[in-house]
Each structure stands twice: as C-alpha cells, then as structure tokens.
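Asks: The lines below spell out each chain.
There are 4 protein chains.
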Amino acid sequence: MMEHREPQSKTAAVTVEVRYAETDQMGVVHHSVYPVWFELARTQLCRQTGFSYDQIEASGHYLLVTGLTVDYRKSARYPDSVTTECRLERFASRGLRFTYRVTAAGTLLARGSTDHVWVAAATGKPCRVPAHLERPFALLAPTLSEP
Amino acid sequence: MMEHREPQSKTAAVTVEVRYAETDQMGVVHHSVYPVWFELARTQLCRQTGFSYDQIEASGHYLLVTGLTVDYRKSARYPDSVTTECRLERFASRGLRFTYRVTAAGTLLARGSTDHVWVAAATGKPCRVPAHLERPFALLAPTLSEP
Amino acid sequence: MMEHREPQSKTAAVTVEVRYAETDQMGVVHHSVYPVWFELARTQLCRQTGFSYDQIEASGHYLLVTGLTVDYRKSARYPDSVTTECRLERFASRGLRFTYRVTAAGTLLARGSTDHVWVAAATGKPCRVPAHLERPFALLAPTLSEP
Amino acid sequence: MMEHREPQSKTAAVTVEVRYAETDQMGVVHHSVYPVWFELARTQLCRQTGFSYDQIEASGHYLLVTGLTVDYRKSARYPDSVTTECRLERFASRGLRFTYRVTAAGTLLARGSTDHVWVAAATGKPCRVPAHLERPFALLAPTLSEP
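Chains as they are written, first to last, in the working numbering: chain X, 102 to 248; chain B, 102 to 248; chain D, 102 to 248; chain L, 102 to 248.
Just chain X, same shape as in the assembly (with noise of 0.2 Å):
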C-alpha cells in the first residue's frame, strides 16, 4: 500500500524568461500568456502529489479547464525573469482550484485562478476524482478537506 505524506510545499513556483514572441505591439506581454504561465506553475505543483500531469493524463484522466480569473497589476516586459506561483485553493470530489501569483522582481504583476473538473478520457465526461489521487491532491490543499 502506498503511503502518502504531506508534501514538503503546498506550493509551486516556476521561474520563466519572457519570450519576445509573447510581447505585443503595446511593448508588454499579450495578456492571453499568463494562463500559459499559470499552466507551467500547475504543472510543477501536480508533480508534488508524486503524479505528474502527464502520468494523471496516462492513466486515463483529463483536468479539464472549467473556469478562469486573471486579475493584471501590473505589465511583464521582454525579457523579464518572472515567477508564478501555485496554490490548490480549493479540492473537492469532482472539481478543483488553483490560484496564482505573478510576480518579476518581487512585484506583482497579476493574481489568477483556475477551476478544474475532473474527465475521464474513454468517455471525455466528467468523473469523480481517480481514487489514487485523492489523498494526493488533498495533501495539497489548505486544510484537509473532506473530498
């Protein structure tokens, strides 16, 4: 049986260069990059329920993307170090959240969110949480909610 700890860090954080690709003509990073950030930093987290996304993917399960929030503070620039972080906000049985910071140089540039539900690949229809990721994923939740 396995056994699963608490993670070290319920959060993630990944630390990207800006692409000159993702700049646009006002001279700042395209507002429609940070989701792709947000990804790379859930990515990241994912991994800390000891299942990458692309193990969760292998094994027959989709988190598909329900809902999101981004909130910009301020405007990411070429080539900016910038680092965005993740948290699971919130865990239930059939959906989850994220929440994200951005931040280059210790300011913020933008808060975000995402929701999640859970799909199962054969049927591509919503589904329960797998049942060998739920004690994972709620490991990474603030406090251990009932899943």
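Since the hints were derived computationally from the structure, they do not count as laboratory data. Take the hints with a grain of salt, since some may be wrong.
One copy or two, either will do: identical chains are not told apart, so a pair holds if it fits within one copy or between any two.
Unchecked claim - Think about it this way: if two alpha-carbon atoms lie no more than 20 Å apart in a straight line, the pair counts; the simulated SDA-like pairs of lysine to any residue are:
| hint | residue 1 | residue 2 |
| --- | --- | --- |
| 1 | K175 | E190 |
| 2 | K175 | T224 |
| 3 | K175 | Q126 |
| 4 | K111 | I157 |
| 5 | K111 | R236 |
| 6 | K175 | H162 |
| 7 | K226 | R188 |
Put chains B, D and L on the given structure of chain X with help from the hints.
Replies: Relative to chain X, chains B, D and L alone:
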C-alpha cells in the same frame, strides 16, 4: 463638429475557423486561445464606434487589459467555425468592461469578460477616456451611462 | 467505386485578419505566426481532395511536418487582412511539399514551404500514402506525378 | 575606448520545459513553437556580445527576421526538457545567420536557421550593423569574418 449616431448594432460578432495550432494534446482548443478570440471580437466592436483600435493607438491611447474571466462550457475542436460576440457591458470615464459569448453551430462554448483602462501612450499611465471617444463608446453601452 | 475528379482549383487561399496577440513589440506580426497561417491554407487545400484533414486524422493518419522554410519580405501589421495561398508542389508516395504565398492588399509579405510525411497513428511510424488518398492528392499536384 | 574580448563561448544554450499549450492534438509540440525556442537561444547568445537584445532595441535597432528554416527530426512532447543551442554562423555588415540545434535528453529533435537584417527603428529601413555592435558580433562568428 462630428455627429455620433447610435451605432447600428451594439454587438459585434466574428467567426473564425479553429486552427490546428490552437489545439492541445487533449484534442480540444487550449483555454488560452479564448482571450485571443475575445480580442478579435472586441476589435470588431471598436470599429462600430467609428474609430478602429489601431486608430485609437495611433492617436496615443491604449486600452490596457486589467481583468479577464472565462467560463468554459464545451470544448471547441479543430476545425470548428467559432463565433465570438462582444458587447460593451459597462462604460465609465476610466474603465470599460466587455462581455463575450463564444458559440459553434449554435452551441454555447464559453462566456467571458475583460476589464480595461485607458492608458496614455506618452506616459504609460492610466487616463480618462479621450474626449473624442467618449460619446462613441458611450453609445455602445447598454444604456447611455454617465461617462 | 469512388471517382476522383480533377479538383476545380489546385490552389487554396484563406484570408484572415491579423490578431493583436500576433504582433510583437517590434510592432509587426511575429515571424512564428506565418507557419500557423500556412497551416490554415493547407487545411483548406486538403478539403479540395474531398477529404478534410480532420477526416484524414480520424481515419488514422497524420501529415507530420518534417521541414519548414519561410522567406519574409514585408511585415504584416495589425489589423491587416492577410491572404495565404497554398499549393501542393510535390507529391510522392512517402512525402509531400506544400508551398505558400502570403499577401496583404496585393503586396507579397512572405513565401514558404512545408515538407510532410504520412504517419500511421497506430504505430507513430512513417508510412505510404493511404490508398484512398493517393489519387485525390496526386490530382492536386502540378502535374499528375507517379505517386 | 571599450575593449571587446573574445566571448567565453560562441554558443548559447537554453533549456525549457515543454508547455502543455505548446502541444497539439497530434500529441506533440506544434511545429510553430520551434522558432520561439530559437529566439530564446538567440536572445541568450546576444547577451554574450555584452549587449542584450533589449539594449540593442533601446539603442534604436532591430534584428528583423528575413528567413527561417527548420528541419524536424523527432517530436518534442510535454513535459520534455528541451535544450536549444544557438550559434552565429555568418556575420556580414548587413545581415546575420544564426543556426540552431534542439535536443531533449541528448536526442536531436530539430535543426534550423534564421536570417536577419539590421533595421533602424527611426526609419524602419535596413541599415549597416551599428558601429558599437560590429566587433562584439564579429567575435561570435565562427572565424573573424570581414564585416
């Protein structure tokens, strides 16, 4: 003196074909593409003021995105014909909110919104709505709000 | 038995409006966008075989890109209407070459080409052109080549 | 007077993790992403001249892309760690050619090249290499070519 007539329609709609590059390995359009479609429809709605967005920029002003929400209902797939409708939901002297509906073959795929502030290109700072744009944009709002 | 008639045209052309997200801080469309436009025109040309690219994939085959060239002449700008034409330049049993011309208001912006091989989805390996596609694609080629 | 020393290395390498958004429904990284990775590595190589690309732009010059080739060998997949190496292959007074190798876990995924001309931001016209950049870039070239 320029006369600003009520625009013929307060909604803009743009139909595009899903690009293969917009899909991801889940087999659907990646969620970061929807804000790009929103922008296409917003560009179209701006034209209905009589001032295209590139003209607005050329006159020294930006409409900076400060907020984004997307509520995803159904996945878009390659090569769907996807229609994005845009409305100006709220118009005030310093900010605007546009709302969006994305459909394919009559099925709702997503709803969303973007918040914006006017920024003076010369200073990079938020500013009041440029005088020549105040009435044209107000006329796009649901009721003629006090700008 | 299906009859394959000479397609009405051996060229496909797709016109799209430049998206703000496609510009970069140089004030022009980023060069990585052109392959995406190429793909839109290629999708359109494939339809002229009577088999759309999504049908080709559904039947278990991919047209994998193995080579890309772009020769950039003039910059595309927001919100230009950009037309991409696609032709099948070369067709052989294991590979194809498409060529492209990108124009805006009659001015040549870029030329390019893509090379492709057929891949069987089941194995992920290169394969011969699927039998049902051999003649339809051959008919798109400049002269009816020996496939 | 500034002294330009031989750069410590004539190659730059940047490693990034494949982003989910970069995949397509074929289950691999879309081919239009490679030029973006090329640009990341080129940005890194430019730094080795002592003048970062954003400094070059700030001083009023662009390195406009005039040509692109990519030869794809193996597909990149989410979440591979992908390394892109960049070299300055050719340097002349009006143009440059960079070459690229993309690898993952030691396996070659792609090779490519980009051609560039110097453009004066003030005029938007091609120009000679800016005087202060001539020697730093020449030192990156394989042999000290006559600029």
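Asks: Does each hint hold? Answer for all of them.
Replies: Here is what the structure says about each hint:
1. Taking the shortest Cα distances, K175 and E190 never come within 20 Å of each other, neither inside one copy (23 Å) nor across copies (24 Å).
2. Taking CA atoms no more than 20 Å apart as the test, K175 paired with T224 passes between copies only; the shortest distance there is 14 Å, against 42 Å inside one copy.
3. Taking the shortest alpha-carbon separations for K175 and Q126, both the intra-copy value of 16 Å and the inter-copy value of 17 Å come in at or below 20 Å.
4. Proximity of K111 and I157 under a CA criterion of 20 Å is satisfied intra-copy only: 19 Å inside one chain copy versus 41 Å between copies.
5. Within a single copy, K111 and R236 get their C-alpha atoms as close as 14 Å, which meets the 20 Å cut-off; across copies the closest is 49 Å, which misses it.
6. In this assembly of identical chains, the alpha carbons of K175 and H162 lie at most 20 Å apart only when taken from different copies (17 Å versus 36 Å within one copy).
7. In the homo-oligomer, the alpha carbons of K226 and R188 never lie at most 20 Å apart, since the shortest distance is 26 Å inside one protomer and 32 Å across protomers.
Hint violations for this structure: numbers 1 and 7, all remaining hints satisfied.
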